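**Q** Sequence:
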Amino acid sequence: MASSKSLLSATAAVILATSLFWTFTSSSSSPSSADSIAFIKKTIDSNKIAIFSKSYCPYCKRAKSVFKELNQVPYVVELDERADGRDIQDALGELVGRRTVPQVWVKGKYIGGSDDTVEAYESGELAKLLGIEVQHREDL
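If you use mature numbering (1 follows the signal peptide of the UniProt record, and there is no 0), the sequence shown corresponds to residues -27 to -1, 1 to 113, in order.
Keep in mind that the hints are not guaranteed to be accurate.
[Said to hold, decoys possible] Result set (BS3-like, lysine-lysine): computed pairs, CA atoms no more than 27 angstroms apart in a straight line:
1. 15 - 41
2. 34 - 82
3. 101 - 80
4. 41 - 82
Honestly, the hints are just simulated from the structure, not real lab data. All values derive from a computational prediction rather than experimental measurement.
Construct all of the structure, not just a fragment, from the sequences and the given hints.
**A** Below you can see the structure in the form of structure tokens.
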């Protein structure tokens, strides 16, 4: 009969190994996370308007339509069309506190999601940030 002491030691070893595994595999400083954050920052810094989107998302389409209305061409990263899209979306969650799409930046300033983008458009803040004058449409 196995002693309760050796059984307890074996159980503790399994728990410790499992805990260490999850600590190292779920760390937010993983290489893919760091690479994704670097990609996001480079995309934002390199483009006047950057949108992280999914091609089928109606909220993303709504945010993109705001820039079409303003005759502005955003740089769009369609996460569903990239092999690393999930990693980028996770990194967006780390950077801004939410994983939802769209996520919109204008001239390096974080605007937010679809509702935030439409609100910035309707208030005139978006045109001001872009340095343009526009005639507003209320049907976005």
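**Q** Compare the structure with each hint and give your call.
**A** Hints, one by one, checked against the model:
{"no.": "1", "hint": "15 - 41", "result": "23 angstroms, holds"}
{"no.": "2", "hint": "34 - 82", "result": "20 angstroms, holds"}
{"no.": "3", "hint": "101 - 80", "result": "11 angstroms, holds"}
{"no.": "4", "hint": "41 - 82", "result": "19 angstroms, holds"}
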